[in-house]
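K.L.:
If you want the building blocks of each chain, they are given just below.
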Amino acid sequence: MSTETKPSERVTVETTLNGTEVEQTVPAGTLLSAFLRNHEYLTGTHRGCETAKCGACTVLVDGDPVKSCNMLAAQVDGATVTTVEGLADGEDLHPVQQAFWDCHGSQCGYCTPGFVTNVVALLEDNPDPSVEEIRSHLTGNICRCTGYTKIIESVQEAAARMDGDGK
Amino acid sequence: MLIPVAPQWETDVQGLKYANPETVEEACTLLRDHGEDAAILSGGQSLLPMLRQRVGSYDKVIDINGLPDLEYVRETDGEIRIGCLSRHVDVASSSVVEEHCPILADVAAEIGDVQVRNRGTFCGAVAHADPSGDPPVVATLLDATIVARNADEKRTLSGSSFYHGFYETDLSKDELVTEVRFPVLSAGEGAGFEKYEPTEGAYPVATVGAYLSLADDGRIENATLVTGALEAGPTPMDDAAEVLEDREPTDDVLTEAAEQLGEDTMPVDDFEGSAAFKTNISKKLAKDALQTALDRAENER
Numbered sequence: 246m247s248t249e250t251k252p253s254e255r256v257t258v259e260t261t262l263n264g265t266e267v268e269q270t271v272p273a274g275t276l277l278s279a280f281l282r283n284h285e286y287l288t289g290t291h292r293g294c295e296t297a298k299c300g301a302c303t304v305l306v307d308g309d310p311v312k313s314c315n316m317l318a319a320q321v322d323g324a325t326v327t328t329v330e331g332l333a334d335g336e337d338l339h340p341v342q343q344a345f346w347d348c349h350g351s352q353c354g355y356c357t358p359g360f361v362t363n364v365v366a367l368l369e370d371n372p373d374p375s376v377e378e379i380r381s382h383l384t385g386n387i388c389r390c391t392g393y394t395k396i397i398e399s400v401q402e403a404a405a406r407m408d409g410d411g412k
Numbered sequence: 386m387l388i389p390v391a392p393q394w395e396t397d398v399q400g401l402k403y404a405n406p407e408t409v410e411e412a413c414t415l416l417r418d419h420g421e422d423a424a425i426l427s428g429g430q431s432l433l434p435m436l437r438q439r440v441g442s443y444d445k446v447i448d449i450n451g452l453p454d455l456e457y458v459r460e461t462d463g464e465i466r467i468g469c470l471s472r473h474v475d476v477a478s479s480s481v482v483e484e485h486c487p488i489l490a491d492v493a494a495e496i497g498d499v500q501v502r503n504r505g506t507f508c509g510a511v512a513h514a515d516p517s518g519d520p521p522v523v524a525t526l527l528d529a530t531i532v533a534r535n536a537d538e539k540r541t542l543s544g545s546s547f548y549h550g551f552y553e554t555d556l557s558k559d560e561l562v563t564e565v566r567f568p569v570l571s572a573g574e575g576a577g578f579e580k581y582e583p584t585e586g587a588y589p590v591a592t593v594g595a596y597l598s599l600a601d602d603g604r605i606e607n608a609t610l611v612t613g614a615l616e617a618g619p620t621p622m623d624d625a626a627e628v629l630e631d632r633e634p635t636d637d638v639l640t641e642a643a644e645q646l647g648e649d650t651m652p653v654d655d656f657e658g659s660a661a662f663k664t665n666i667s668k669k670l671a672k673d674a675l676q677t678a679l680d681r682a683e684n685e686r
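Here the protein sequences come in this chain order: A and B. According to the working numbering, the first sequence holds residues 246 to 412 in order. According to the working numbering, the second sequence holds residues 386 to 686 in order.
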């Protein structure tokens with residue numbers, strides 16, 4: 246995006262989204278979550294509370310988990326964005342997704358994309374987290390179904406399967 | 386592709402204008418020209434909810450994330466200097482902070498959740514002046530130096546007198562905080578911070594920061610106590626601090642100061658707790674913060 250020396254109502258966003266270069270011109274007030282869902286049709290990123298509390302809209306920006314309802318799309322210009330759609334390798338689920346599947350880490354599934362993306366980032370930084378570390382890392386993600394027990398088990402299972410190599 | 390989408394009005398901050406300057410000078414020029422209705426976007430973790438709820442009168446944002454060389458946490462001339470684009474996660478994991486002013490890491494590591502800490506900036510939180518914010522408490526407690534620039538000049542502001550109630554600071558609308566400096570705590574000095582939050586990651590209901598310096602004979606030379614979230618922003622508790630001065634740092638003395646702090650604070654009843662509850666919790670927080678400050682002051686000796 247060229248530098249806007251005057252405040253502008255439309256912005257051009259160029260970003261690497263799930264490994265693909267995309268470019269879109271959108272209203273400046275477009276949130277990242279809206280950009281992903283309404284402009285890129287990636288509806289795996291869920292909008293929950295819309296107040297940056299529930300974490301359902303978590304995506305990775307340059308590898309860091311962030312809440313996409315609490316960022317403007319303009320802010321990812323030049324960045325790399327990974328959504329839940331970008332985790333699987335073709336038909337093979339990411340080990341974190343597979344572990345959530347196998348351990349029943351999701352019930353209604355609404356919060357799951359946010360948890361999964363956040364857990365991917367956790368295991369990259371910390372391949373063998375303790376339960377306390379998992380809980381602490383996931384305080385920004387709310388699940389109203391599982392009571393979290395199965396989610397914690399999923400993370401532990403994913404960590405064991407990934408065996409510290411990040412894959 | 387025919388996929389039903391939510392109407393634009395549901396998702397967008399309607400009519401928002403956006404600028405992303407590439408230099409501090411450009412940012413300051415934009416602030417001079419648009420400061421009255423423009424907000425500075427750094428981490429955006431407090432700003433975006435405000436924009437979405439139409440709190441405040443902003444219809445423009447000036448995104449400073451593209452400004453060069455403002456992401457650093459380093460020690461220079463006896464001060465820890467934090468650039469305005471350093472995130473909470475950077476402060477929490479800084480070895481310089483851990484060595485010279487660990488209270489900053491205590492504060493930064495407990496703000497919001499990991500998603501918020503990845504985006505939110507420490508200097509942004511200092512400047513934003515949320516009455517429940519934690520960085521303002523520590524900026525007041527340690528009398529941080531706040532470096533602000535406008536299109537014409539750069540000036541430094543004192544953290545201990547920076548805040549004036551709800552979201553009010555000494556900053557002008559055309560000013561950009563480029564750096565916040567905290568003192569390196571030397572031997573015999575220590576600081577601690579405690580907060581009560583109803584759920585992890587929520588805004589705190591009560592916070593207390595404590596600073597102590599010890600004289601050579603082990604007595605308390607200087608003490609500072611500041612509360613946050615209980616009143617309209619960081620509130621120095623001078624009478625409670627005075628209890629400590631020139632006394633042996635015994636458990637009883639720390640308790641006496643903590644009790645005094647509780648008596649002096651003036652919280653209000655609200656949905657998060659009664660005034661009496663907040664008073665009681667502030668005593669406990671003060672005692673714990675003082676104990677941490679004392680332990681650090683003694684270990685540094």
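Think of the hints as simulated: they come from the structure by calculation, not from any bench. One thing to keep in mind: the hints can contain errors.
[Unchecked claim] Below, simulated DSS-like cross-link-like pairs (lysine-lysine); rule was C-alpha separation at most 27 Å, straight line:
(1) A/251 with B/558
(2) B/669 with A/251
(3) B/558 with B/539
K.L.:
Work down the list of hints and note, for each, if the structure agrees.
P.N.:
The hints, checked one at a time:
no.	hint	in the structure
1	A/251 with B/558	holds (18 Å)
2	B/669 with A/251	violated (51 Å)
3	B/558 with B/539	holds (14 Å)
The earlier numbered hint that this structure contradicts is number 2, and it is the only one.
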